[in-house]
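Given next are the chains, with one letter for each unit.
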Amino acid sequence: MFDPAMQQITRLAREVWAFLAGLIVVVALLGGLYNVLQGAGGAAFGGSRMVSIAVMGVLGLFLLAILGFVVLPALGGMLRSLIPPPPF
Amino acid sequence: MPVGDLIAALGDAWRALALAVAILAGLGMLYRVLSAAAAVGVGGGAGLAAALTGAAGIFAVALFGLAGVPEIARAVRAGMAAPACGPFADMAAAAAVLVGALGSLRMITAVLEGLAAAAAGGSASLGKAILAAAETVVGMALTAAVLPLIGRFLGGC
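Protein chains in written order, with the numbering used here: chain A, 26 to 113; chain B, 425 to 581.
Treat the hints with care, since some could be wrong.
Unchecked claim - To be clear about the criterion: a stretch of chain B counts as covered by chain A if any three or more of its residues have a C-beta under 8 Å from a C-beta of chain A, and this derived list gives those stretches: (1) 434–444; (2) 458–472; (3) 521–527; (4) 567–578.
What the hints assert, rightly or not - From the structure, some residues in chain B lie toward chain A, with a derived Cβ separation under 10 Å: (5) A449; (6) L451; (7) A475; (8) A479; (9) R498.
Bear in mind the hints are in silico, worked out from the structure with no lab data behind them. All C-beta atoms in this analysis are idealised placements derived from N, C-alpha and C, irrespective of residue type, glycine included.
Sequences are here, hints too, so could you generate the full structure?
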């Protein structure tokens with residue numbers, strides 16, 4: 026009974042997923058660029074703390090991208106496999 | 425058989441809602457990762473912590489909805505094995521199944537409501553889902569308790 030509506034919702038959700046994934050790539054690239062700029066500025070003026078913060082920021086963005094593109098699909102697959110039959 | 429058709433329709437609704445829970449949880453967690461990436465990009469540690477705890481909260485609520493709610497419904501239903509006697513037995517059994525089905529749908533709807541709020545950036549809350557679970561248990565217990573009394577009152581048992 027609900028299959029046509031759920032197919033539309035699933036198609037829409039796939040598009041939203043692709044949009045959010047693309048947005049994560051854009052934000053991570055921009056954030057990485059900002060951190061590189063910060064690190065370069067710190068290195069130019071002799072600020073080692075700024076450089077280390079920038080390097081940690083780039084590493085954090087890399088880790089978050091891995092979380093978004095590797096861990097989250099696995100978690101989503103696990104949740105999908107958990108969808109239970111009606112308990113009544 | 426009208427009750428069977430009704431149960432089948434409620435089963436379809438359950439499958440659709442459970443799928444919606446999984447979809448919303450996935451999108452909500454992805455949104456939180458996007459928030460975390462934005463926070464790290466501009467050096468905001470507090471935003472990162474809020475985003476990661478939000479994603480963990482969404483996962484916990486989804487896990488409760490997909491793994492906990494069916495178990496609660498099954499446990500309550502198993503506790504209502506013989507809800508009535510005499511000519512009221514069939515009616516009481518159908519009423520208990522219907523109350524359980526509606527209660528299960530209420531629980532998964534409450535989980536979906538909490539997930540929708542969390543996926544849109546709010547806090548993930550299990551309160552309404554747990555209240556709905558309690559209402560289901562009380563409703564099925566009342567069904568099992570009241571119908572035998574009615575049966576005795578009407579001389580059916």
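Practice task
Against the earlier hints, flag every one the structure doesn't satisfy and list their numbers going up.
Solution key: Those not satisfied come down to hint 4.
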